[in-house]
Amino acid sequence: MPKIKLGAKSPRIDMTPMVDLFTLLLTFFILTATFRPTESAPVDTPFSVSEKPMMDANVMTVLIAKDNRVFFNVDNGPDTILKFRPKILAEMGKRYNIEFTDDELRLFERTGTAVGVPIQDMKKYLAAKDSDERTALEKGIPIDSVDNQLALWILFSRQINPAVDAMIKGDADVDFPIVREVLDILQDKNVNRFNLITSLRAVEVTEEQIAE
Amino acid sequence: MADIQVEEKNKGGKKKPKKGDARVDMTPMVDLMSLLITFFMLTAAFSKPKVMEIILPEKVRKNEKVEPPKIADSRTLNIILGPDDKVYWYPGKADPEVTILQETDFSATGIRQVLLDRNRALFRKIDQFEKDVISGKINIKQDSMRNAISQLKKDDDTGPIVLIKAYKTSKYRNFVDIIDEMSIVGIARYIFTDIDWVEEKLVVDAINRAEATPSGSAQ
Chain A
1 MPKIKLGAKS PRIDMTPMVD LFTLLLTFFI LTATFRPTES APVDTPFSVS EKPMMDANVM
61 TVLIAKDNRV FFNVDNGPDT ILKFRPKILA EMGKRYNIEF TDDELRLFER TGTAVGVPIQ
121 DMKKYLAAKD SDERTALEKG IPIDSVDNQL ALWILFSRQI NPAVDAMIKG DADVDFPIVR
181 EVLDILQDKN VNRFNLITSL RAVEVTEEQI AE
Chain B
1 MADIQVEEKN KGGKKKPKKG DARVDMTPMV DLMSLLITFF MLTAAFSKPK VMEIILPEKV
61 RKNEKVEPPK IADSRTLNII LGPDDKVYWY PGKADPEVTI LQETDFSATG IRQVLLDRNR
121 ALFRKIDQFE KDVISGKINI KQDSMRNAIS QLKKDDDTGP IVLIKAYKTS KYRNFVDIID
181 EMSIVGIARY IFTDIDWVEE KLVVDAINRA EATPSGSAQ
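Protein chains in written order, with my numbering: chain A, 1 to 212; chain B, 1 to 219.
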């Protein structure tokens with residue numbers, strides 16, 4: 001019987017295709033990964049059973065932090081070509097007689113964080129050198145009836161991007177009256193559909209509960 | 001591919017023996033890559049927050065006169081979000097003399113049981129429908145299933161009409177929880193309205209009563 005000759009090949013496995021595939025996958029995931037900008041204030045969202053994922057584009061978010069500060073963010077997601085952010089800021093500036101330079105507008109476009117400064121402090125905020133300086137200025141957007149800047153932010157966001165959807169990201173421990181106020185402001189501007197940002201939690205109703 | 005081609009242009013027919021192995025060891029690279037891929041995959045899949053949609057009725061302008069819709073007292077259930085994650089509820093209409101607020105909480109045996117007791121017929125219907133779809137008895141597409149459920153809710157005329165009100169010291173969490181409860185139990189009709197002074201007074205009474213009679217656990 002002829003002996004089966006084992007080739008003199010080395011027992012190594014050729015990993016090249018594997019590496020090829022991995023590089024491809026890695027590139028794909030890196031490119032599709034969206035890095036969320038750091039939030040101006042930590043917000044622990046409440047839990048709900050809703051499984052609807054958050055939209056990426058055409059959203060405006062009202063953030064309500066634990067200390068009742070209100071932030072506002074226009075997150076037009078991937079389509080920065082449309083440049084909603086600088087347009088909205090320019091409109092806000094016009095209303096308050098503040099002229100924003102092109103550099104300032106561009107800077108505002110680049111920073112993806114939520115706005116938490118009164119418009120009067122916006123220039124100082126954009127010129128701030130480090131994050132300490134910025135956090136010191138973040139007093140929250142005024143929402144009282146004397147100077148309701150949140151209403152104006154909402155108004156201009158809707159004018160510039162009519163397809164925008166309202167989101168509310170509130171901290172679980174925020175007092176309800178302040179949320180109610182935000183809802184009222186939104187409703188004054190004819191926004192009657194809201195999306196509350198929540199974290200997922202599973203809840204089941206047991207058989208006994210139904211049968212009882 | 002990754003092998004470095006060992007010279008093969010030996011024109012004279014002289015064969016050189018291979019010297020060593022010119023392969024590059026790719027294991028560490030593969031290790032690192034799988035690690036990174038895992039990381040990016042997981043962050044891509046789990047970073048999405050969820051949203052809960054609510055639609056509030058349009059505000060009535062001050063100069064407009066709109067008759068409030070008439071609803072049967074027997075079907076109404078009023079829920080008031082109280083302080084310290086408490087929930088108060090009473091059926092029908094508030095009467096400062098007669099109405100006593102029932103106190104409960106957000107646990108599975110709390111407000112959910114109250115709602116479920118009143119919404120059993122509809123809940124069973126939806127539950128049965130979902131089971132039939134899963135077991136294949138009813139063949140229906142995912143999209144039309146949602147529509148079918150909302151149709152079931154629309155046709156329902158036995159379930160409660162829930163009015164949700166918030167006392168001034170309630171938290172945002174309570175608001176989200178109660179709306180969540182509505183979707184868990186499958187309440188067809190619920191609405192968020194402002195609290196009126198009668199109810200505020202009732203809540204204050206209920207809080208005072210709870211303070212006056214300390215619960216049995218305080219022995």
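Each hint should be verified, as a subset may be incorrect.
[To be verified] Sample of chain A residues facing chain B (criterion: CB under 8 Å; computed from the structure):
#: 1; residue: P86
#: 2; residue: V174
#: 3; residue: R193
[Stated by the list, open to error] Below, a list of computed lysine-lysine pairs in the DSS-like style, where the Cα atoms sit at most 30 Å apart:
#: 4; chain 1: A; residue 1: K66; chain 2: B; residue 2: K50
#: 5; chain 1: A; residue 1: K123; chain 2: B; residue 2: K50
#: 6; chain 1: A; residue 1: K139; chain 2: B; residue 2: K154
#: 7; chain 1: A; residue 1: K139; chain 2: A; residue 2: K123
#: 8; chain 1: B; residue 1: K65; chain 2: A; residue 2: K52
#: 9; chain 1: B; residue 1: K168; chain 2: A; residue 2: K87
#: 10; chain 1: A; residue 1: K189; chain 2: A; residue 2: K94
#: 11; chain 1: A; residue 1: K189; chain 2: B; residue 2: K50
[Stated by the list, open to error] Now the stretches of chain B that chain A is said to cover, found in silico as 3 or more residues with beta-carbon under 8 Å:
#: 12; segment: 145-152
#: 13; segment: 199-212
Derived from the structure by calculation, the hints contain no laboratory data.
Positions of the beta carbon are idealized from the N, C-alpha and C atoms, including for glycine.
Violations among the numbered hints: 1, 5, 6, 8, 9, 12 and 13
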